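2 protein chains.
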Amino acid sequence: MMFEAINFKNKFSKFTEYWSPRVIAQMNDYQFKLVKVEGEFVWHDHPETDEVFIVIEGSLNIEFRDGVVTLNSGEMFVIPKGIEHRPVASSECKIMIVEPKGVVNTGGSVSELTAENEVWV
Amino acid sequence: MMFEAINFKNKFSKFTEYWSPRVIAQMNDYQFKLVKVEGEFVWHDHPETDEVFIVIEGSLNIEFRDGVVTLNSGEMFVIPKGIEHRPVASSECKIMIVEPKGVVNTGGSVSELTAENEVWV
Chain R
459 MMFEAINFKN KFSKFTEYWS PRVIAQMNDY QFKLVKVEGE FVWHDHPETD EVFIVIEGSL
519 NIEFRDGVVT LNSGEMFVIP KGIEHRPVAS SECKIMIVEP KGVVNTGGSV SELTAENEVW
579 V
Chain V
459 MMFEAINFKN KFSKFTEYWS PRVIAQMNDY QFKLVKVEGE FVWHDHPETD EVFIVIEGSL
519 NIEFRDGVVT LNSGEMFVIP KGIEHRPVAS SECKIMIVEP KGVVNTGGSV SELTAENEVW
579 V
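Protein sequences, first through last, are from chains R and V. When we follow my numbering, the leftmost residue of the first sequence carries the number 459, and every step to the right adds one. When we follow my numbering, the leftmost residue of the second sequence carries the number 459, and every step to the right adds one.
Any given hint could be a false lead.
[Claimed, not checked] Keeping only pairs whose Cα atoms sit at most 30 angstroms apart, straight-line, the calculated DSBU-like set for lysine-lysine is:
#1 R:K467 - V:K467
#2 V:K559 - R:K472
#3 V:K552 - R:K559
#4 V:K472 - R:K472
#5 V:K539 - R:K472
#6 V:K472 - R:K539
#7 R:K539 - V:K559
#8 V:K467 - R:K552
#9 V:K552 - R:K467
#10 R:K467 - V:K539
#11 V:K467 - R:K472
#12 V:K472 - R:K552
#13 V:K539 - V:K559
#14 V:K539 - V:K552
#15 V:K472 - V:K552
#16 V:K559 - R:K559
#17 V:K552 - R:K472
#18 V:K467 - V:K552
#19 R:K539 - V:K539
#20 R:K559 - V:K472
#21 R:K559 - V:K467
#22 R:K552 - R:K472
#23 V:K552 - R:K552
#24 R:K552 - R:K467
#25 V:K559 - R:K552
#26 V:K559 - V:K467
#27 R:K539 - V:K467
Hints listed in this document are in silico derivations from the structure and should not be mistaken for laboratory results. Quantities reported herein were computed from a predicted structural model and do not represent experimental measurements.
Sequences are here, hints too, so could you generate the full structure?
Rendered as structure tokens:
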């Protein structure tokens with residue numbers, strides 16, 4: 459067992475790509491992923507699971523078909539399974555996502571924004 | 459659906475008790491719980507699940523039988539299932555725990571520190 463803290467700032471310093479989740483920890487069959495985001499993502503949903511967004515730095519809008527939620531640093535939101543959503547950040551935002559291992563970032567909406575899965579940092 | 463961010467600072471302002479987890483969100487069958495801690499907790503383990511600690515404010519030591527990890531704000535750690543541990547904070551520390559719904563804070567080590575479960579804030 460490694461007695462070493464997982465430091466968000468340190469982990470974020472190790473990559474630059476937007477919309478490209480990096481796994482930093484696993485708890486049972488769930489993973490904690492850091493993502494740098496900027497601009498508009500694609501509309502998508504995850505039919506099989508809820509998904510948690512936590513904003514570490516910056517500000518993020520999560521758009522829904524019937525509303526929007528704004529998350530700032532120190533705030534989180536649970537996106538219910540099957541609900542279409544689109545994350546949008548007007549400037550760079552650093553977030554942590556919590557979801558089951560294996561969830562694809564664009565859900566069923568495969569596009570050039572679909573990221574490789576299971577990339578640890 | 460409520461389009462409202464869950465704000466850690468706001469949620470922490472709603473209770474004062476130490477070692478008394480407050481649920482702020484649920485994702486599938488997992489819960490996110492805020493806890494204010496100070497002093498020494500009891501040695502315990504969770505035989506059935508891993509457990510995540512994230513420090514929001516302050517500093518926390520998690521002691522193990524063969525080591526210790528120090529977590530500061532912006533750091534996290536995954537305690538593997540079945541591993542005995544004891545959280546210790548020399549001054550007030552605010553943390554978030556992620557674990558399956560129903561996990562008892564003292565595991566199998568029932569004591570006066572065993573908190574009521576499923577208290578939302």
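Each hint, compared with the structure:
no. : hint            : result
1   : R:K467 - V:K467 : holds (20 angstroms)
2   : V:K559 - R:K472 : violated (33 angstroms)
3   : V:K552 - R:K559 : holds (27 angstroms)
4   : V:K472 - R:K472 : violated (36 angstroms)
5   : V:K539 - R:K472 : holds (29 angstroms)
6   : V:K472 - R:K539 : holds (29 angstroms)
7   : R:K539 - V:K559 : holds (18 angstroms)
8   : V:K467 - R:K552 : holds (19 angstroms)
9   : V:K552 - R:K467 : holds (19 angstroms)
10  : R:K467 - V:K539 : holds (26 angstroms)
11  : V:K467 - R:K472 : holds (28 angstroms)
12  : V:K472 - R:K552 : holds (27 angstroms)
13  : V:K539 - V:K559 : holds (15 angstroms)
14  : V:K539 - V:K552 : holds (23 angstroms)
15  : V:K472 - V:K552 : holds (13 angstroms)
16  : V:K559 - R:K559 : holds (18 angstroms)
17  : V:K552 - R:K472 : holds (27 angstroms)
18  : V:K467 - V:K552 : holds (10 angstroms)
19  : R:K539 - V:K539 : holds (27 angstroms)
20  : R:K559 - V:K472 : violated (33 angstroms)
21  : R:K559 - V:K467 : holds (29 angstroms)
22  : R:K552 - R:K472 : holds (13 angstroms)
23  : V:K552 - R:K552 : holds (21 angstroms)
24  : R:K552 - R:K467 : holds (10 angstroms)
25  : V:K559 - R:K552 : holds (27 angstroms)
26  : V:K559 - V:K467 : holds (22 angstroms)
27  : R:K539 - V:K467 : holds (26 angstroms)
Checked against the numbered hints given earlier, the structure breaks hints 2, 4, 20 and satisfies all the rest.
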